[in-house]
Amino acid sequence: MLSTPEEKNKQPLLNQRRRMLLTIVIAALFLLSIILGGLLLDEGRITTNLTERNAPPSFDHLFGTDWLGRDMFARTIMGLSLSIGVGLLGATGSALIALVLGMAAASMGKIADRLISWIIDLFLSVPHLVTLILIAFTLGGGFKGIVVGLMLTHWPSLARVVRAEVLQVRSAEYVQMSKQMGKPRWWIALHHILPHISPQILIGFMLLFPHVILHEAAVTFLGLGLSPHEPAIGIILSESMKYLSSGMWWLAFFPGLCLLIVVRTFDQIGEYLRVMLDPTRAHE
Amino acid sequence: MQLDAKDVGFRYGNGEWLFRGVNFTINPGEIVGIVGPSGQGKTTFARILAGFENPIEGTVTLGGLPVKKKGYQPIQLVFQHPEKAINPRWKMQKSLREGWEPERALLEAFGIEQEWLTRWPNELSGGELQRFCVVRALGPETRFLIADEMTTMLDAITQAQIWHAVLEIAKKREMGVIVISHEAKLIERLCSRVVTLNKNE
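Order-wise, the sequence lines are chains A and B. Under this note's numbering, the first sequence is numbered contiguously, ending at residue 284. Under this note's numbering, the second sequence is numbered contiguously, ending at residue 201.
Read the hints as simulated data drawn from the structure, not as lab findings. Keep in mind that a hint or two might mislead.
[What the hints assert, rightly or not] Below are the BS3-like pairs computed for lysine-lysine, each with C-alpha atoms no more than 30 Å apart in a straight line:
hint : chain 1 : residue 1 : chain 2 : residue 2
1    : B       : K185      : B       : K6
2    : A       : K110      : A       : K183
3    : A       : K179      : B       : K185
4    : A       : K179      : B       : K171
The task is simple: from the sequences and hints, build the whole structure.
Here is the structure:
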């Protein structure tokens, strides 16, 4: 692509590292406020207060109140803190499953590899959401159902990456030398292979996290996830759907926006990490 | 303990035979050269001798018995590219001590300085790294050392230093050395016997 000299010399206002730093700061602020909020706010803040029903956003109620007079700001914060908790559990579980299965596929022989690759393909061929709904429904819904469902559905693509990485490092000469030095398999896996794939696991985890939060919200929105009396974002959104037509836009707008920002910032951090840790893409 | 390869044949997958019916013997303390044109399977043969690869046909025996698979291998191989044979995420001392604990005198014989031990592999040159690879392969249980183009990419002085140290140890321990190289002069200087690996023979 041709560009004029001025265009070439124009520096972007923020370079890659600055952008990443900014995103991390936003994410950290969000996390902090959500965790603190989740700890400080108790059920008392979201009790029904029928004298202040349907109030639009004001300084008393930053995000307004709903049809039962509950403060939407408190509900949003509590909902996000619940969502992030579920997201963390789900993403950690998924990353662990991916790590174990990926390493097993690459180092336990042909039959294990075929079997695990087949399972990965099987899970990838069905949309996440369908499997997730199925598993959550089978386990009776609720917190446990949704967390187990999320763990069991988000690992396949990361497992595939881990498998490929392990296969690659296993054929490296220094790993073959290690065998020659009389090191057992588990020692090689722990000292040579695990450090090699840990950046991939970290990136995978960071990218899984927002994904998991979104799917949790989606399933809860559909009414198959967390139970309705818990203030999850999905539930807040699905409840406010009924009131949107009566002009109470703040019910869905603020929680939705917060969810979007959380998901987007974590996704961005994951992307930046990937670009920075992957030498072939470091200059993009 | 004699290292014996009997009627060894190898091919990758279902491809053409790289070589078949290769017989090779080396006695302790002997220094044997293997020569041959590129692509004739010298490196593959070395890998089979060292147990990296299993021969498709034929056997490799050490003192009449098949070579043990577990533990420190009595037949060690040194590759041509030291930067690939050392984990880039480990400090040098961890790589050096992976198989055994070399004493200081040995490090000095190979010209390895103490301060290199705390460096990362990318902070050392190829020649410096290769010294580590050689020392790592010279554990007390090493009966045979296979040097696959071990000093090809090094300068003459480093080559001389490394070979000098290796030969001394080979003499002291009655260790056999197999030298694979394209340098006729080097082979001539080092080896008491030369074997040609050639498909057509």
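Hint check:
1. K185(B) <-> K6(B): holds (29 Å)
2. K110(A) <-> K183(A): The hint holds at about 22 Å.
3. K179(A) <-> K185(B): At roughly 33 Å apart (the allowed maximum being 30 Å), K185(B) and K179(A) break the hint.
4. K179(A) <-> K171(B): holds (27 Å)
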